[in-house]
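So the sequences go chain by chain: Y and B. If you're matching positions, the first sequence starts at 0 in numbering that gives the first Met the number 0 and goes up one per residue. If you're matching positions, the second sequence starts at 0 in numbering that gives the first Met the number 0 and goes up one per residue.
Misleading hints may appear alongside valid ones.
[Said to hold, decoys possible] Reference excerpt, derived from the structure (chain B facing chain Y, CB under 8 Å, subset only):
(1) Gln81
(2) Leu255
(3) Arg260
(4) Asn266
(5) Asn269
(6) Ile270
(7) Ala350
[As the list claims (entries may be wrong)] Among the chain Y residues that face chain B by a calculated CB cut under 8 Å, a handful are:
(8) Met0
(9) Gln81
(10) Gly125
(11) Glu186
(12) Ala219
(13) His220
(14) Gly237
(15) Val241
(16) Gly252
(17) Val258
(18) Ile263
(19) Ser267
(20) Ile270
(21) Ala272
(22) Ala350
(23) Asn377
[Claimed, not checked] Over 10 Å on every C-beta distance to chain Y, these chain B residues come out as not near it, computed from the model:
(24) Ala34
(25) Asp68
(26) Pro70
(27) Gln141
(28) Asp152
(29) Gly203
(30) Ser312
(31) Arg329
Keep in mind that the hints were calculated from the coordinates and are not lab data. Quick caveat, the model's predicted, so the values are computed rather than measured. Glycine is no exception: its CB is placed at the ideal position from the N, C-alpha and C atoms.
The primary structure of each chain is shown beneath.
Protein chains: 2
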Amino acid sequence: MNDPELQALLDAIAVHGKTAKGGLNRLAASREEGAARDELGAWLRAREFGIRVDSVGNLFATLELAGKDAPWVLTGSHLDSQPHGGRFDGAYGVIGACVAADRIRRTSAGGFRRNLAVVSWTNEEGARFAPSLLGSGVYAGQYEAAFARSRSDAAGITLGEALQAIGYSGSDQGPADPACYVELHIEQGPALERAGATIGVVEGNWGTVKFIVRFEGRAAHTGPTAMAERRDALLAAGHAIVACRALSDRTGGALLSSVGRLDIAPNSTNIVAGSVDLYAEFRAIDPAMLEGACAAFERAAAEAAEVAGVALSITRPTDRPAGTFDPSMRALIEAEAKRKGYRSLRLDTVAGHDAIQLRRRCPSAMIFVPSAAGISHNEEEFTLSEDLAAGVDVLEGVLRSLLSAAT
Amino acid sequence: MNDPELQALLDAIAVHGKTAKGGLNRLAASREEGAARDELGAWLRAREFGIRVDSVGNLFATLELAGKDAPWVLTGSHLDSQPHGGRFDGAYGVIGACVAADRIRRTSAGGFRRNLAVVSWTNEEGARFAPSLLGSGVYAGQYEAAFARSRSDAAGITLGEALQAIGYSGSDQGPADPACYVELHIEQGPALERAGATIGVVEGNWGTVKFIVRFEGRAAHTGPTAMAERRDALLAAGHAIVACRALSDRTGGALLSSVGRLDIAPNSTNIVAGSVDLYAEFRAIDPAMLEGACAAFERAAAEAAEVAGVALSITRPTDRPAGTFDPSMRALIEAEAKRKGYRSLRLDTVAGHDAIQLRRRCPSAMIFVPSAAGISHNEEEFTLSEDLAAGVDVLEGVLRSLLSAAT
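I would like the entire structure built from these sequences, with the hints used as guidance.
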C-alpha cells in the first residue's frame with residue numbers, strides 16, 4: 000500500500016541536488032543539502048516540532064511528549080548523499096521518521112513516558128569530508144566537535160565553514176539523555192528482495208577497515224625518462240589495486256575489498272605520476288579474517304612501492320569493529336513487523352550507518368526495507384513505494400512502543 | 000657565457016603562469032598563456048616584427064628580409080605548459096628564436112634570399128586539449144582547422160572559444176611557402192649532460208602510440224554489493240597498468256610504456272568505480288617492437304576487462320611513426336656548433352615536438368640543449384644559463400645560413 004504523505008515529502012526533498020538521471024548529488028553541508036534542510040525544517044515547524052542544531056550541524060526535530068525531564072527516543076538518518084547517489088539512502092530514514100513522528104503527534108492521547116526526536120546527522124557519507132559517520136560520531140562521543148568542524152574538503156573548506164555558509168552551524172545541544180535510537184534505512188543489498196521479505200531486522204554490522212595509502216614518486220616526462228629512472232606512483236597503485244582484490248578472491252568473496260578512489264598528481268597523459276593517494280577498504284563479519292587481510296594488504300602495499308621505486312605511507316582513518324544491535328529492540332522490530340503482517344528477515348549490514356555510532360551512547364537498532372536489485376550509491380537506486388510505506392508503518396509502531404516503555 | 004637579453008625575456012615571460020615552486024602552469028589558450036603572448040607580442044612589435052595569428056591561434060612573428068614573394072624560414076616552439084611544468088619546455092624555443100631573429104634583424108646588411116618567421120604553435124602539450132601538437136598539425140596539414148577549434152577541455156570549453164576569450168582566434172594565414180623549419184628545445188632527457196655536450200643534433204624521433212582505454216562497469220556500494228556482482232572499472236584499470244609496465248620490462252626498457260592518467264567516475268572511497276578512462280602510451284625506435292607491444296596491450300586490456308566483468312572500448316588518438324629529420328639541416332647544425340666551439344652529440348628525441356609535424360610540409364630539424372638531470376614535465380626542470388645562451392647562439396648561425404641559401 001502506498002503512503003501519499005510520505006511520497007510527497009520524499010519527492011519535495013529529492014528536488015534539492017537532483018541529478019539529470021534522477022539521482023542525487025547532495026554532498027554534506029553543500030548548498031543543496033542546506034536547501035533540503037530548510038525545506039524539511041519548514042515542514043517540521045508547521046507541525047509544531049521544535050528544532051535544535053548543534054555545533055556540527057546535527058539537526059534535531061523534537062516533540063516533548065513526556066515533559067522536558069523525560070529521556071528521549073531518537074530516530075533518523077542523514078540527508079547528505081554520494082556525488083552520484085540515490086534518492087533513498089539516508090533521506091528515507093529522516094523523512095520516514097518525520098512522517099511517523101508527526102502521526103504520533105497528531106494521534107497522541109498522552110501517556111508517553113519518553114520524548115521523541117527525529118535527527119538528521121551531518122556527513123554520514125564521508126564523500127565530502129572524511130571520516131564518514133562524523134555528526135553521529137560527535138553525538139556518540141567518538142569525536143570532539145572541534146575535530147569534526149576542522150575536517151576539510153578537497154577545496155580546503157572546513158566542515159565548520161561549510162555549515163556556517165548554509166546556516167547550520169548551531170549552538171544548541173542534542174538531547175542529553177537518549178534512551179535509545181532506531182534508524183530506518185534501505186538495505187543497499189539484495190537479500191530482502193531475494194527472500195521476498197519487506198522488513199529487515201538488522202542483527203549486527205560487519206567490521207570495516209579503511210586505508211589511505213600514499214605512494215610518493217617523482218613526476219617526469221614519459222618520453223625521455225628511461226624506465227629504470229622512473230618513480231611511478233600510479234604503477235604502485237596498479238599493483239595495490241590488484242593485490243586488494245586478490246585478498247578477497249582468496250576468501251571466495253567472504254572478505255569484501257575495494258579500491259574506489261585514487262587521487263593522482265598531476266594526472267596528465269605524458270607525465271609519470273608523482274604521487275597517488277589510494278583509498279582501500281576491507282569488510283568482514285569475522286574479525287580474524289579482517290585483521291589478517293589488513294596485515295596482508297599493508298605488506299602488499301609495501302611490495303608495490305618497492306617494485307615502483309616510490310615512498311609509502313599508510314593511514315587507517317576508519318577501523319570499525321563488527322558488532323550487534325540491541326537484542327530487545329531487534330525483538331520489538333520483528334514483533335511489530337509480524338503484528339502488521341509484513342514478512343521480515345534477520346540480516347547483517349555490511350555498510351556503515353549512524354546507528355553503529357549511536358550504539359556507543361544508547362541501545363540502538365535498524366530497520367531495513369528492500370533495495371531493487373541491491374543497487375545503491377548509484378543514481379539507479381530504487382525502492383518500491385509500498386516497501387517505503389511498510390518501513391514507516393513498522394517504524395511508527397516501534398516508536399510508539401519505545402515511547403511508552405518504562406525507563 | 001650568459002646572455003642577459005635572452006635571460007631577461009625568459010624571466011619576463013615566465014611570470015605568466017608561474018607556480019609557487021618556480022615552475023609553470025600555463026595551459027594552452029588559458030588566461031596565463033594569453034598574457035605571455037601579449038607580453039611577447041609587445042616585445043616583438045617594438046622591434047618591427049609583423050604579427051599574424053591564424054584561426055587556431057598559431058602566432059607568427061614575421062621579418063620580411065627578402066621581399067614578400069620569397070619563401071620563409073620558420074623557427075619556434077610553444078608557450079603552453081603542462082599543469083605543473085617547467086619554465087623551459089617550449090618557451091625557450093620561442094623566446095630563443097625571438098632573440099636570435101632580432102639580432103639578425105638588427106645586424107642585417109641585406110642579401111638574404113628568404114624571409115624569417117618565429118612561430119608559437121598552439122596546444123603543443125595536449126594537456127588541456129587532445130591531441131597534442133595541434134596547432135602545428137593544422138599548419139602542416141594533418142588536421143583541419145575546424146577540427147582543432149572543436150577540441151574541448153575537461154570543462155567543455157572548445158579551443159575556438161578559449162582562443163576567442165584571450166584574443167587569439169585570428170583570421171591571418173601563416174606563410175604559404177615555408178622553406179624549412181628549425182626548432183630549439185631543451186632535451187628533456189639526460190644524454191647531453193651525461194656526455195658533457197652542449198648542443199644536441201636531433202637525428203630522428205621515436206615512434207609513439209597513445210591509447211585511451213575506457214572500462215565501463217557499474218557504480219555500486221562497496222559494502223553490501225557481493226564481490227561476484229561487482230563490475231569494477233578501477234580493478235580493470237589496475238590490471239591494465241600492471242600489464243602496460245610488464246610489456247616494457249619484457250624488452251629490458253627498450254620499449255617505453257606508461258599510464259599517467261586515469262579519469263575515474265565517481266572516484267569515491269566506498270563506491271565501486273563505474274567507469275575509468277585510462278591513458279596509456281608506448282614509445283620505441285623500432286617500429287616492429289612498438290606495433291607488437293600495442294597489439295599485446297590491446298589483448299591485455301581485453302583480459303583486464305574480462306576479469307573485472309566490465310565493458311571495454313579502445314581508441315588510439317596518437318599514432319606517430321618513428322622518423323628522421325632533414326639530413327642537410329642536421330649537418331648544418333653540427334657544423335655551426337663545431338664552428339662556434341660547442342661540443343655536440345647526435346641523439347634521438349623520444350618526446351613529440353612540433354618539428355615532427357612540420358616535417359610533413361617542409362624540411363625540418365631540431366637543436367637540443369641539456370636538461371639538468373634530464374628532469375622535465377616537472378617544476379624542477381632546469382637548464383644552465385650558459386647552455387641556454389649556447390643554443391641561441393647556434394640557432395642564430397643556423398638561421399643566417401638558411402636565410403642565405405639558394406631556394
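- Query: What are the numbers of the hints the structure violates, in ascending order?
  - Reply: Structure breaks hint 8 only.
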